[in-house]
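Chemist: Okay, here's what each chain looks like letter by letter:
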Amino acid sequence: MLGTVEFPDIEPPRFVTIVDDDPEDREDLMDQLRDHNIEPRAVDGRYGSDIDRLIADVRATGSPFVICDHRLQIKNLASFNGSSVIKALGLSKHPAMLLTMYQSTNRLELREARADVPVVVSRHDFDVSQLGTYAEICRREFANDPVDARRAHRTLIGIKGINRTYNHTELYVTIPNWRPDDAIILPVACIASDLVPQLEVGDYLLGDVNVGAKEEDDLFFKNVNEIMKANEVTGS
Amino acid sequence: MSDVVVFDVAHGNCSLVRSQSAYCVVDAPLGALLLNTLEDMGISCIDVAFISHADKDHIAGVIGLLSSATIQLKKLYLNPDSQKRTKIWRDLLAAVSVAERQGSCEVISTLTTTMPGTVTVGDVVIHVEAPSASFALAGSGSVDTQGRHITSNSISALLRLKQGDRPGILLAGDIDEVGLDDALNYDRDLTAQTLVFPHHGGLPASSDTTAFVDKIMSAVNPSLVIFSNGRGKHDNPRPEIVSPVARKRCAIACTQLAGRCSKSPIFNLGHLEPHRAYGQPTGASCAGSMTLDLAEHGRRPASYERAHQKFIDDLVETPMCRVPRLDK
Ligand SMILES: [Zn+2]
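These protein sequence lines are chains G and U, in that order.
The first sequence begins at 1 in the UniProt record's numbering and counts up one residue at a time.
The second sequence begins at 1 in the UniProt record's numbering and counts up one residue at a time.
Hints in this document: simulated from the structure, not taken from any laboratory.
These numbers were taken from a predicted model, which means no experiment stands behind them.
All C-beta atoms, glycine included, are put in the ideal place defined by N, C-alpha and C.
Accuracy of the hints is not assured; some may be wrong.
Selected chain G positions facing chain U (in silico; Cβ < 8 angstroms) [stated by the list, open to error]:
1) 177
2) 179
3) 232
4) 233
Computed beta-carbon distance windows for the label pairs [to be verified]:
5) G:129 / U:260: 30 to 36 angstroms
6) G:59 / U:104: 41 to 47 angstroms
7) U:39 / G:101: 31 to 37 angstroms
8) U:322 / G:39: 49 to 55 angstroms
Make the full structure from the sequences, and use the hints.
Modeler: Here's what the structure looks like:
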């Protein structure tokens with residue numbers, strides 16, 4: 001997602017706080033940071049659903065940057081996800097990134113949250129030398145001057161397929177000015193709820209999408225709240 | 001001041017005309033480069049946009065412009081393409097419906113030598129040199145007077161941009177020999193200082209490549225030829241096109257670095273103009289995005305031109321734009 005040339009040689013933060021429920025993964029990350037002369041600080045404990053307490057503990061470490069694992073439930077650090085932590089930190093403009101393994105279910109969950117999570121990197125691609133860039137992406141976003149790949153534009157979203165079961169709707173959509181030939185799944189949670197029952201194949205939605213995103217997993221959807229029915233489009 | 005920015009958009013075309021606070025966009029492919037650039041330039045209104053023809057790499061970005069909430073498009077010229085049953089064409093119709101619903105954009109579904117014929121943007125006059133009305137009416141799927149197939153590419157609009165009587169710039173869309181002959185049959189004046197070469201320097205369908213290059217080069221007689229190409233996409237520009245162009249002793253600038261010119265990307269891009277260039281983050285730009293000064297006959301600023309030539313000399317292994325000198 002990142003153009004390295006866009007941010008040449010940005011100094012990484014000197015202290016970084018890690019939120020990760022897995023002690024082994026956490027230690028591994030801390031070692032990587034130490035290797036780059038960055039002092040790691042960890043937040044550890046049992047938070048249940050008390051996100052405010054976790055955020056307070058993170059802030060108390062005094063680090064200018066936070067790395068948060070997405071799955072915090074497995075070893076019972078918390079009942080909420082890392083994306084909620086990033087979102088909560090973002091409300092007070094605290095730079096933070098999400099570390100994840102993109103896997104089928106969690107991929108759509110992340111798409112729902114992606115508008116509030118400026119930086120998502122898989123463990124496999126994590127690169128300590130890029131921490132300065134990750135922090136800069138957050139800073140730009142908080143300053144209302146997001147990097148190109150994170151800028152939202154009002155955009156058409158074409159409905160290409162709908163799977164409805166008794167309790168679930170799955171939408172396959174294309175974004176004509178992103179990649180008009182690639183159908184992706186748009187989580188219905190990203191759409192104004194009154195529009196969902198009206199949707200039919202051939203309709204279009206209008207929403208704010210970061211059409212400069214390089215990869216499907218970098219896309220986010222906001223304010224998807226207008227519909228153009230198929231029969232309103234001439235030539236249908 | 002009047003100028004034209006030819007953007008490095010990878011595979012596709014996109015130009016922005018700026019004159020006396022009036023703005024015009026010609027074509028745009030997918031992605032956010034145009035929208036981000038316009039926002040950063042503080043441009044909230046595009047007076048007129050043109051779609052040269054109905055292909056994805058020319059219209060996807062105009063769909064974004066039509067739906068944009070931050071940039072208003074006042075007027076859009078395009079030719080209908082009755083043969084187009086593509087998904088992107090329907091997407092464009094949806095975007096036009098959105099704009100019409102908002103009452104924000106006047107869509108004019110004819111773009112020929114007679115209608116509108118010419119369009120003025122600030123001090124710049126845009127002359128539509130092709131297609132003729134009868135050629136556009138025949139439309140893609142039919143045949144021309146010589147029985148040759150007219151395709152979507154054939155009905156590409158040829159737009160000649162001029163300030164005063166200076167020679168200016170010719171934007172050629174993806175026009176092929178059939179479309180070019182339509183302009184030449186009507187004795188259209190195609191001369192220009194700078195030619196943005198048709199079809200990204202790809203081979204023209206069903207015609208002799210060298211004859212096509214000869215024909216367009218003698219009709220336009222440019223000093224600079226620009227190829228708007230995407231590195232790694234369709235292998236453009238093709239050497240069969242670049243060689244005869246280079247032999248005309250005219251300068252060549254490609255937006256991106258063709259694979260044939262350099263096997264590896266090049267990250268040393270200090271020569272690029274300050275405009276966004278799609279290839280910049282991945283080392284894929286050659287000239288990148290280029291500004292052409294219409295008061296200066298449609299030339300590039302000399303300093304950028306020199307820096308680009310030095311970049312090619314110093315870093316590009318096998319540049320197609322350099323023809324071996326016979327006198328060496
Ligand atoms: Zn094209």
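Chemist: Any hints this thing doesn't respect? Which numbers, in order?
Modeler: Hint check: nothing fails, all pass.
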